[in-house]
Structure formats: C-alpha cells, structure tokens
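Undergrad: Protein chains in written order, with this note's numbering: chain C, 1 to 655; chain W, 1 to 121; chain G, 1 to 179.
Note that these hints are calculated values from the structure, not bench results.
The model shown is predicted, which means the values in this text are computed figures rather than measured ones.
All residues carry an ideal CB built from backbone N, CA and C; glycine is no exception.
Don't take each hint at face value.
To be verified - If you only want the chain C side, here are some residues facing chain G, beta carbon under 10 Å, derived:
1. A10
2. V643
3. A649
4. T653
Take a look at the letters that make up each chain.
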Amino acid sequence: MLSFIWIVPALPLFGFVVLLLLGKRIGEPLSGWLATAMVGGSFLTAVAVFTDLASKSAEERAYTKVLWSWLPSLGVDVALLVNPLSMTMVMFVTGIATLIHVFAIGYMHGDLRFPRFFTYLNLFVFSMLMLVLADNFVLMFLGWEGVGACSYLLISFWFERPSAASAGKKAFVVNRIGDFGLMGAMFLIFNQTGSLQYHAVFRSIETNGIAKSTATAICLLLFVGACGKSAQLPLYVWLPDAMEGPTPVSALIHAATMVTAGVYLMVRVHPLLELAPGVLTIIAWVGALTALFAATIATAQDDIKRVLAYSTISQLGYMFLAVGVGGNVAAIFHMVTHAFFKALMFLAAGSVIHGMHGVVADEQNMKWMGNLKKWMPFTTGTFLMGWVAIAGVPPFAGFWSKDEILLDAYQHNKALWVVGLVTALLTAYYMTRQIVLVFFGKERFGGAAHGHGDENHGHDAGGHSPHESPVLMLLPLAVLAGLSIVGGLINQPFGGKGLASKLERWLDESFIPGTKMHAFVGEHASVASGTKLTLAIIATLCGLAGIALGASQWLRRTTPAAQAQLEIPLLKRAYGVDALYSTIIEKPGRKLSEFLAFVVDRRVIDGAVNGMATLVRGGGTQLRRLQNGYVRSSALGIAGGLVALLVWALVRTAL
Amino acid sequence: MRGILAQGAVLVGKGPKGPTSVGGGWFLAVAAVLFTIGIVGLLLRRNVLVMFMCIELMLNAVNLTFVTFARMLNDIGGQVVVFFIMVVAAAEVVVGLGIVVSIFRRRKIGATADSAVLLKG
Amino acid sequence: MVDWIVFLAGTLIALSGAIGVVTLPNPVHAALSLVLTLFGVAVLFVAQAAHFLAIVQIIVYAGAVVVLFLFVIMLLGVDRTESDLATEPLRGQRPAAAVIGVAALGLLLALSQVHLTIGATSTAGAADGPGTNVEKIADSVFTRYVFAFEITSVLLVIAVVGAVLLARKPRLQSAELTG
C-alpha cells in the first residue's frame, strides 16, 4: 500500500489539469464535484497508506517512494517521503480539503468563474501535498512556492475588487520575503552537507557535525521563511488582508493548511534546530509575542473574518511557541485541532455571510448582526462548537492541545507560560465577544443597515431576513463540529499505550533512517501528573474567565453607541503596523521606483538611445550635403583625394 | 633672316640631335604648373566644354612629365606611354563630347555642368 | 644658352595658353588658347628629343581634338556665354579650389625633387643613341607593346561607334521608345 502514495498528489494534479483545459465546458456544478472527488480520492488513499504505515514497527516507519531522478548534482529526486509526520499532515490536509470543497460547491454557487475556483483549489491541494510529502528541500520548496502562488490566485479571485487584487499582491510579496530566507537556508545547507535531501542532510550532520554558527544561521533563515508563510511577527500583515478572498479559501488556506506549512517545516528540521538552541528561544518568543499581539488586535475588530484571521495568527503563534520549547508533539497536535475548529469557524462564518447576503450592505460587519441564532440555528450550533474548542474548555479538542503547549512552556520558561496564559484569556474573551455580537443579543440589521442600490444586491432594499444555508454547506460544518468535539482524543496526556496519547507515540517513535536521531521529538523530561493537573486547571480557569468577561461585557451592549464605549482605536487599527510599513518601506520604495522610472529610464537610458538616433540623423543630414548632385563637388572631392595621395607619396619617400 | 632660319634649322634638325641641356627638374616644374592650372580650371569653370579642355591640359602635363622622365632615365618606354596616352585621350574626347552633345543638345542657354543635378541626395 | 631660350619660350607659350583656357569666358577663345598650349608643349617635346611625339601632338591634339571641340561648341551654341567666372553658386568651391591648387603645386614640386628610384634599368630600349626617334618608338611599339597597340586600335573603333550612337538625333530614339 505504501507504494501507492504517489496517487495522493497525483489525483489533485489530474483534477487541476482536467479543469484547466475543460473547466468551462464542464461548468457548474460538475467541476466542483470533480474537484471534490479528486481530493476525496486522495484522502481515501491517504487513509490506506496511513493504516499500512501504522502497522509497521517504529524502525520501519520511513518509506521513500522515488518517482524519478531529478537533479543528481543536488542529490535530489522527485521522491515522496512517507513517515509519521508527513502522513499526519496529509490526512488532515486532504480530509479538511474535501470538506471545504463540498462547502464551496454551495458557497460559490452562481459565481461566473465557478470552474476556475476549483481549478485553483485543486492546484493548491496538489502543491500542499507536494510540500508535505517531499523528501527533499527542493521539492518541498516547489510545493512551498506553489501554495504561495495559489494563495495569490485565490485571494484575488474576485479581482474586480481593487482591495482584493492588492491583498493578493501583498500576500505574495510578504511571502516572498520569507521565501528569500528559506532559499538562503537551502544554500547554506547544501554548502554544508552537499545534499538537499532530508535524510542525507541529517546523516551528514550526525557524522560530520556542524558548526554552531552555521546551524544558527541555517535555522534562523528557515525560521524567516516560516514566519513569512505562517504569518508571524513581523511578516503577518498579509493574513488579515487575505480575508478578501472567498471564505472557503480563508478556511482552507489561511486556517488549516498553508499557514501551517511554516510549523511543519520547523518540525521537519527538528534535528537541526536542536543544534541551535539560541534560535529555539527566538522562535518561542516570537511565537509567544505574536500570539499575544494578535489576540489583542482581535478584540477590537468588527469584520467577522478579520477576528478569525487574527485569531489564526495568534494560534499559529502558539504552535511556534511549542516548537521553540521543544514540544513538537504539542505543536502538531495543536495544528490538527486548530485546523478542525478554525476551518469550522471560517466555514460557519461563510455560512453567516451567505445568510446575511441581501440583508445588509456589509454582510461581514458584526455590528449589523445579532441574534442570528433565531434565523440560522444550525450554523449557530456548529460555530459554538468551534468556540468552546478554541476557548480551551475541556473536554473539547482545543483544550487538550493548548494545555499540552502550556505544559511544555511551563517546563521551559515560566515567563513564556504566563504569556501563553494571558493569550488564552484574551482568546476566550474575543471569541466570546464575537459569538455574542453575531448570534446573541438584539437584532441590529433592521433599519439603517440596509443597502440601497448596492451593486452587490440585485434586489430592492427591504425586509429581507437572514436565512440558513443549504445542506451542501451545512454538512461539512457538522463533520468539523464533530471533529472539534472529539479531536482531542488523539493525544490524551494520561500516558499509557492505549488509543489515547497516540500522536505522541506516533511521532516520538520515528527515526531518521541511518541515524540514531529521533525524527521529531527531542528529549523532554516527564512531569509529575499532579503538576499537570494543576496547570490544566489554571488554564481552564483562564479560559472560563475570558468567557465570563466577554459575555458580561458584550451581552448588555446592544446599541452601537454602547459598543463604541469599549473601542480602543489603537487596537482597531492593528497598532498601525500597516501604516508603519507603508511609511518606512513603501514610500521610499516608491520614491526609488519613480526615480528609476522617470529619471534613469526616461532621461538617461531613453535619452541615450534617442540621443544616438538624433546623432545618427544629424550626422546623416550633414553627410547628405556632400551629395548635392553637382558634378563639380565630386570633382572637388576627387581633387582632394589627389592631394591626399600626393601627401602620402611624399611622406613615403621622404621618410 | 637667314641667320634666324639657320638658327631654326639648328634647332629643328641640323643642330646637335639629342636633348637639351636644361635639367629635367625644370621641365617637371613646368608640367606641375600646367597640371595645377588644369585642376583649378576644372574646379572653377562651369562650361562643360571648357572643363573638358582643362582635362586636356592635365593630360598634356602628364605627357610632358613622361617625356621628361624618358629623357632623364634614358628609357624610350616613357615616350611609348605618351603615344598611348594620346590615343586614349583622343578616344576619350570623342566619347565624352558625344555624351555632352546628347545631354545638352536641348538646352540652349545656360547649359552648364551645374544643370545635371538629378543625383541630388 | 639656346636651350634655355627654347625652354623659356616653350614654357611661356604653354603657360599663357593654359591660363587663357582657364580664364577666358568665351569657350571659343578658350579652345584657341588650348591650341597655344599644345603648341608650347610640342616645343618642349622637341627640346627633349621626342620629335615624333611633338608632331603627333600637333597633328592629333591641336589638329583633331581641338577642332572637334570647336565643332561641338558651335553645335551646342554654348559660345553665347554667360560669364561663369563672375559668380560661384557652390559655396566653398573657390576657396577649396585655391587651397587644392596651392597644395597640389607645392606637393608636385616637392615630389619632383625627390628621387624616386627603384634601381631598375632601361627596359624598353635607350632613348638616346643611334637611330632616329621614330625608329626607336616604332621598335618598341611594334615588338614589345604590340598587343597594347592593337587594343588601342580596337578602342578607337569602339569610340567611333559610341560617338555615332550618342550623337544621334533624339527623334529617332523617342520614336523607338513609343513605337
């Protein structure tokens, strides 16, 4: 079964090609179902491969399927690596992607470019799978760039909107900065070890060792790449703007999969990170601070998707914090649970937006929502599942994974633990605020909130009410809600070899072939279960406190005036970071471009070229005067030549 | 009168045969001046036929030069060359005047070398 | 002494004729000046013992070529002169001509003083020595340069044919073109 792993990325690729060529002809909704079938097929194959892998013993859990030889000089082939980490990622990527495809068939209904959307989605899934399954840095980078490109294409899917187009560009450019770091790291790795294949690199490091400074440099550059892709400080600015894309895109790319690629990379090169402890500290602190920073901003946002975007940044910060303190298992665990509940909440938000379409002018602004539980009960229910999960309420999924991270942080550095706790509190608070504003309280979409003659709405202004979404959109919500509830089961901290704590053993007991190194998990001391319990209780209390705070504050503020009382402009503007970047980077850059375009290009270069032409023309005009048609001028010329000849003859004989 | 004729006879045939005692350089100088006058005339005159005559002047200067060198170098080849030059010059004049006639036949007044400006660039 | 007088006489005649060619406005007068020059050059030929050439010069040049010139002048009627020395339509022609004239003269005079010898000896026979000038020339032309001689006769034929063709009346030509 393991050798069938190539089917997993091949199916979405096939889907992409078919839809690219025939998409328009296939049309809606068949193109959507085709894409879904491809990704679903990938998922089933992945399950099969996963089961096969799980049946093997620990030492054998690394299988490479070489598809064909590619770049011998760099030591890389097109080869897929099947090991616990990659299979975990593949499973949840394909699984969630399938659900989101189903949702998108309903959500994108009626869009003119429906087939194109699924073309891009399939391409994205293919790239993500290549990223995760690659057995070497180069192929991984191919997938890395691919997801970046698809992100750009999908964010600016509705490119008629200038904000969407520029959001796409912003995402791509900021990502590129990270890519630059990643490329630098790849160069250094190749320089150091002579290969770019993961196992070869690790083997080389184990045998030959590596200078601490080189390892630090490599790890720092890799982290820069991860920051770009996973939206950490200071390269996070693209993610909130990326909400311009359709909601399925936000759910798939910017919650569950692409943004986790950075975390994945960090865990993948774990043996290298172990050799550069300084970088680990940096990663932990950047992650923690990002988490806190984003959480504060999320408390002040009004757009339903932006809250979730900043929340994603914050949760990614948690994952990096985990990596930094050596808790790779916790990081992956949180990645999986986060994928469940964040995708769920994004899709539910999409359902809300879909339902509010035609009711208000700005269907994403929470100010104009309220009491939607009356109109969209199913959506409300599923969203609430996500809410409890993210707030860290036991026994839902988020609690277990967040708790795991806090445990590892506590062991490493108490300060980081405190930051994590505060962030947890804020998380609960802003999520509660969000559900209160959207689903509870008084309805605020009557009256002045209507949009008259807005080009988004084809209907008259009037008393439309929000409506529940079609079954096609509700089904994935249900599945994800279920997973958010029970997802914590994959890694219970109670030890033992049962079904629980499966993830830990799964990742722990995998080795890099040819070495004695653990693939993913470093050594960590075990903690007394008493401490574990105490910490768990503290974390829960923080979560509950946040919920209480949010509920108490926001339930009673039912008018815009009351809501405005709690607004902190600084947070609303996201600390003005975008404006800052604009001033220090964009404006000088623009000045430089203008200088180069108008002065250098137009005056100097064009001047030189045009000047050359003018020169030639002038020369030609002057030379033309020789040809005046008069015979006697020619005679003069001949006589001049004669004199020259005479001079030459004289010089020749005289010298 | 007789004396003059006698002197003339001496000059022409009865006198000492053989070239003069004047040095060859003088003759070359004369030829050079003739040639220069020919060039200047060619450049300055506009009447086609006068231009042609200036060319004849130049050819004569060349002939004189050759004959002088034939004497200086004691080589009859110089005079043979002059013979051929004369033949070719005659032929050239014939054809050249034919061209002049065919071009300027129709123009009566103002037929100068400056009239043919069709090759103006 | 006599040689010098002869030389000077010949020179004067030649040069005055040359200046006459260049400066006389009436082309007929210029043609007559040309005759003067040719005569002067013939004298100089005789002075250098090139008797045959002197006579040929008079007969061919002065007798045929200049007559041909005069015929064409009369035919085209360009003897009705406009003084073409009064104005000069081309700018810079006169100064350039002056410069070139001076330069050419100076260079030629200088070159004439320089000895350009290549060390070769007489190849076509001596110019002095026994025998008349005619004999010596004939000797060279009909033995050593006979091929060139024949070619020049062909050239003359061609020239005659060409001249006849060129000087045809235009009426016939245009009839051929339109017909």
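Undergrad: All hints, please: hold or fail.
TA: Hints, verified against the model:
For the restraint placing C/A10 at the interface with chain G, the shortest Cβ-Cβ distance is roughly 81 Å, beyond the 10 Å limit, so the hint is violated. Taking 10 Å as the C-beta cut-off, the interface hint given for C/V643 holds, the closest approach to chain G being about 5 Å. The restraint placing C/A649 at the interface with chain G holds, with a minimum CB-CB distance near 6 Å, inside the 10 Å limit. The beta carbon of C/T653 is positioned within 10 Å of a beta carbon in chain G (closest approach about 5 Å), and the interface hint is therefore held.
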